[in-house]
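Hints given; two lone chains; assemble the complex.
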Amino acid sequence: MTVLIVDDHPSFRASARTLLESEGYQVVGEAENGADAVKAARELRPDLVLLDVQLPDIDGFKVAEQLRRLVDPPAVVLTSSRDRADYGPCINVCGACGFVPKADLSGAAIAALLVA
Amino acid sequence: MTLAWRPWLYFGPAALIAGGLAVALTATSDHEQHPGQTIALFLFVSSSFILAGLIGWTRRPWNRTGTLMVAVGFGVLIGVLSEANHPIPFTLGALFGSLFIAAFVHLLLAYPSGRLLSRRARVLVGTGYAIAFLAPLAESMFAARETCKPHACPENLVLVSHDHAAHVVATALWTAAAVVLFAAVVMLLLGRWRETTPGLRRILRSVYLFGGLSIVLLAIGFVVTPFSGVGAVFVSVALIATFTTVPFIFLAGLLGTAIARGAGVGAIFSSVPERASPDEVQEGLRSALRDETAVVAYWYEEDEHYVDVEGNRLDLPEDTRRRVVTRLDYGDQPVAAIVHDAALLQEPELLEGVANAARIALERDKLLVEVRARAQRYRALLQAMPDLMFRISRDGRYISYNAPSERDLVNDEVIGKLLWDRLPVDLADRVLESGRAALGGDPSVIEYYLDFEDGRRHYEGRFAASGDDEFLMIVREITERKQQQEELEASRQRIVAAGDAARRKLERNLHDGAQQRLVSLSLSLRLAQNQVAKSPARAEELLEASREELMQALEELRELARGIHPAVLTDRGLEAALEALAGRAALPVEIDCVEDVELPPPVEAAAYYLVSEALVNITKYAGASAVKVSIGQVNGYALVEVVDDGVGGADPERGSGLSGLSDRVSSLNGKLVIDSPPGAGTRIRAEIPLE
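Chains as they are written, first to last, in our numbering: chain P, 152 to 267; chain Z, -10 to 680.
Bound conformation, chain Z alone (with noise of 0.2 Å):
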């Protein structure tokens, strides 16, 4: 704190001067009657007042009331020049003597801050200055006919006429102005009084409380005066004894921060335990700065921005009169904020011995504020996830979660619940083996099944800690995923299994047909050797056999390796291989191929076989009497489509032809259409994507 001690060495001096001035101009007067109760009066009021003022001034530099008070209190003085002797002084004296109670006025009004901040509070000081002069302006221009004693007052230098009715006029006019104007001092005070916070009424009580009622009695004394003598005797006195008393209570006020400083510190350390919870400190802050709406905020870095005591994001708000903002920065880092009265700004030293020690305490509550702040942020996060979401203890136990649909509960109750009541064991036991590797630090996944009513869904469920006693557990169904890889296995087995089948029968009719052939004809021609020479004839006849033998199995190979791979499709196209295929089929085949379509060879390979299927199976079940094939070729698929007119009703399920052409299609990612309407003939048309 800075005190600012040059006021002292200005006003100090002057006070002792105007002091003495004062006591010799009432010890030489010659119409005072009693000399020494009015510079014993004099001096004392004026002192009080400059004294307190000047401490004021000097602990609160910024604060305008102590300067006030040392006006107020040089003002008083400015009153006994009219006991000079000298008709200038005494008029002046006269004239300007009242001006201390226009500077009470502004005194009063101005409190606590020593600034006017209301239009109205300017106005009525300054209306206040401006009677403060008029009035015993008028006073002296239409003075009461020799009112001082023992002596004759001095010439009154401004005296216009001694008439009395003029000066009862005006006196009754100033006198009435003086109270309207003290009334609605007294009004202002009221109506600040009611709408004021409960912290500022605190530091206004006292002050108010005599300020206003030396107005009151200054009112009344402006009023009694002229009628009746013990009155306003009466009055005065009461008056001097509440005016002299507004000094101190000032003095009383600011002496009494210091006090109150120390008392909130030790409040903090005295009410606040030693391992206090965030909301603990808060209550301790509201207690030692007696604001019962203090908010503290902690700084949250992670987000930059300030939270509660709870963890909540708390915006600052603009500082107001009623409400202001007390930063705890730590050098250039914010730490915490005090969201308080504005009524503390006037005991910045309660502020500041309060903000110092919470400082420490409150560095340490930002630590667990943060972790409440980000519990909250995961809590938020875990609200807004598409996920069915369990939070599990260590020992297997639901502690919350969190289900945007209802059909993934295989049971309503939850919370509470162990693993095992609600899941198979097995499944349970798993469950539980991977939160604890997520608790050890190591996340894992699980996919597991339920079966419900309505049939059997797959999940998957990850696993994060979430504390050091529980996990997370996050499940997504992935029914359709795993739907779709079993289809994708169960074709991929088929095409397997089709290859092998297709390899067994190949090597049946290797070995049945053109093997068993030349075995035969081995034997025959190892027959045919044996009988050159005994019988030629014989011989001859098992060669000529034996050539028949031959040829057949040259046929069947012949066969076989179109079965394997066509070779009129490697060497000359798809169109061609469909013409071959169309020319060994059993009825009519129409070929309608786009000109010069090219295929990538697996699409090609894949129609061919797809077309040749395709007339096994008509020519075997449908009955047909013509087929139609048409290759084509939009926008990047390639289309192949059989058409017979035979009794329809095929049944891709049924029988393993459909289905090995379905798959043949698929390992292309292809897609086959089957039209089969009973009596309507079949309609085969796949899609195969050229990329």
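Chain P with its partners taken away, still in its complex shape (with noise of 0.2 Å):
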């Protein structure tokens, strides 16, 4: 499975790449802002965007959105440090898979949202 890391922090970046990479996962590209992401994912391509809420430009649920618009849409599954509840029901009205805390990150909790 192809993954796009969008994060503005590299060290979390490069955390993600390799702990995603450890568990079989394709880490693709990365991205650190809202409009990087998008361009990326529409020429990678890829199967799956890990998507941090808050980006330097646009908001990550706005990003999402834009992701879906795309001809054969990636699943989006968002991170971020804050908990799920800070964000309310932002996470299931903008078209993302699911919500996983960075602190809670691995290719399990991945799989687990993309088969529900």
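Accuracy of the hints is not assured; some may be wrong.
Said to hold, decoys possible - Some chain P residues near chain Z, calculated using beta-carbon distances under 10 Å:
no.: 1; residue: 165
no.: 2; residue: 169
no.: 3; residue: 173
no.: 4; residue: 184
no.: 5; residue: 187
no.: 6; residue: 191
no.: 7; residue: 232
no.: 8; residue: 256
Hints were generated in silico from the structure; no laboratory data involved. Given the structure is predicted, the values throughout are model-derived calculations rather than measurements. Backbone N, C-alpha and C fix where the C-beta goes; we use that ideal spot for every residue, glycine too.
Laid out in structure tokens, this is it:
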């Protein structure tokens, strides 16, 4: 499964790449803001976008909506260092498959969301 | 009115007896040529005076005019004694027969009160009595020979000599004295007439005219008699005619006031309209009292003084001989008063009648005048007020205004204008709405502003009803207060905004710093966990990296916590906290703190952040090489001073750092002064009250 990681913190992108690759995911690209994320998704056509909610330009929910409108849209999993409860219903309405807190990130957690 | 009938009891019979004696004496006289005429004359004159006098005495017991008239009447009868054939009554009659002339002078000078009020009058009357006794005495002592017909006169008991020369001298002397006296009396009467009030003139006119004429004729008679028999007869007839008129004049005067009383009361009811204004009532009273100078005063209960028909305060004058006050009271309660000509006191029935009739009308008017007085007072009060004030009608038209300062008028033209002519439409609407609310018993206050050439001014308008169809708008400028309020509000908002910004920054710092590190740590640990079995060396590497990450996260959390509230300030006090601050600063900081300074916690915190933020600013902008911080305490104020040797030119208006400091200090009612001349360093000084 191909993955695009979107986060403005390089340390998180590095940790996430290491973690996901160790669990068999194929990280095909990284982006550090919303605009780059949409562009990269259109070019790389990943199966999954791991998308940070808090981005320097546009927030993750808006990015998720744009991604959903792409031809053959990728599955989107939102992530944040904040808790799911901080965002309320936004996560369900933006078209993402789900949310995983950064600290709980693992291949298994993502797989569980995709099945559901 | 009280009628005193007692005088009739004594003087009525006395007059009848005296009259009877007079008739008897004259009828039996052997030296009287015309007893019939003489009897008629004496009885007519004396009875006129006695009768008129007794009537006057009865009607005016307190007035001595009646008494004097009775005295004149009896005086006339004394003269009849000279008709007696016996020497004693004959001599007495000759000696005292002229006293009635003095009594008449007395009557004339004492009129209308019956009392001699001036010293001159008393001297004249005294002299008159003296002459009236002494002149006949001299005349009798040096009598002319045989003046009686048809028989010789009875013996003259006081005769000294029949010497013709002595007789002429005595007669001339006393005639001259009498003429001088009469002249003095006439002069006195004329003088009195000239200076008397119009009211009194009306009373005096006829009496003075006929009385004065009698006196003049008497004087002429005295001069003429010795020389011309025909002339004497002529003057005597005129004198008798005049003299006998006088009592009837008095009588007419007495009855006349009764007539006048009816006329006066009638005049009030006829000349004053049904719903008369106080002015009309006063006019009515003036015409009823026939006194154009009469003034009506109404009792104003609220302030306990009298007011005139216009509602102005009126203090009643002291009674004088020309003007007196008649108070109209209802029980103990004053209702009104009339200030009038003193002469009206001589017509008590008129005054009483008019006063009684007026009392009713005045009682009613009192209410109206009270309203006027109140309005007068309000006007005075409003004049004295330092505020801008407008009287505005219910339909929004300016009636009058009071503007202590013209600068507050948007337009000089006020009276007659409509609200919408002078004010912005929405404000005019608000003013009228509030004014009408005030008319409906709901006084209100509005705040508004007007833009003048030199800037915006804020006002506060208060509303109160000032009549059925008009209200008052009292305006006070509140620009200064408003500016202070706005400044305070802005400062509060800045504090709140600064607090929000600080929290946002804190959240961001937590999120970007410690939290990210902990997230990474969590992921690293998970990776290490995965690697423990497969590659222990790799796992150890990951654990080592995780420990580094954790140390950094801890350091960042410590830094953040210090930003939220420095623990050292709470634990060790301001001086220690400042020392710690100085230790972390990028440039040398000298701390000069007064020993044992004990400040309330909020002031300590303010001082700490003031120094902290000042140091941040200095580091960023001042280019300074050293900073000195002083903390002191003077007269209930904490003084915090931060001085650097940098480039200066700091502007509190620019940049949020200094303005944030100012807000923090002003939130504690303190004052922040920044002195920062370009090129000469910056001195930031805060004074914060300790209470």
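Notebook entry, point to check: Which hints from the list above does the structure break, by number from lowest to highest?
Noted result: Checked against the structure, the hints that fail are numbers 4, 5 and 6, while the rest are satisfied.
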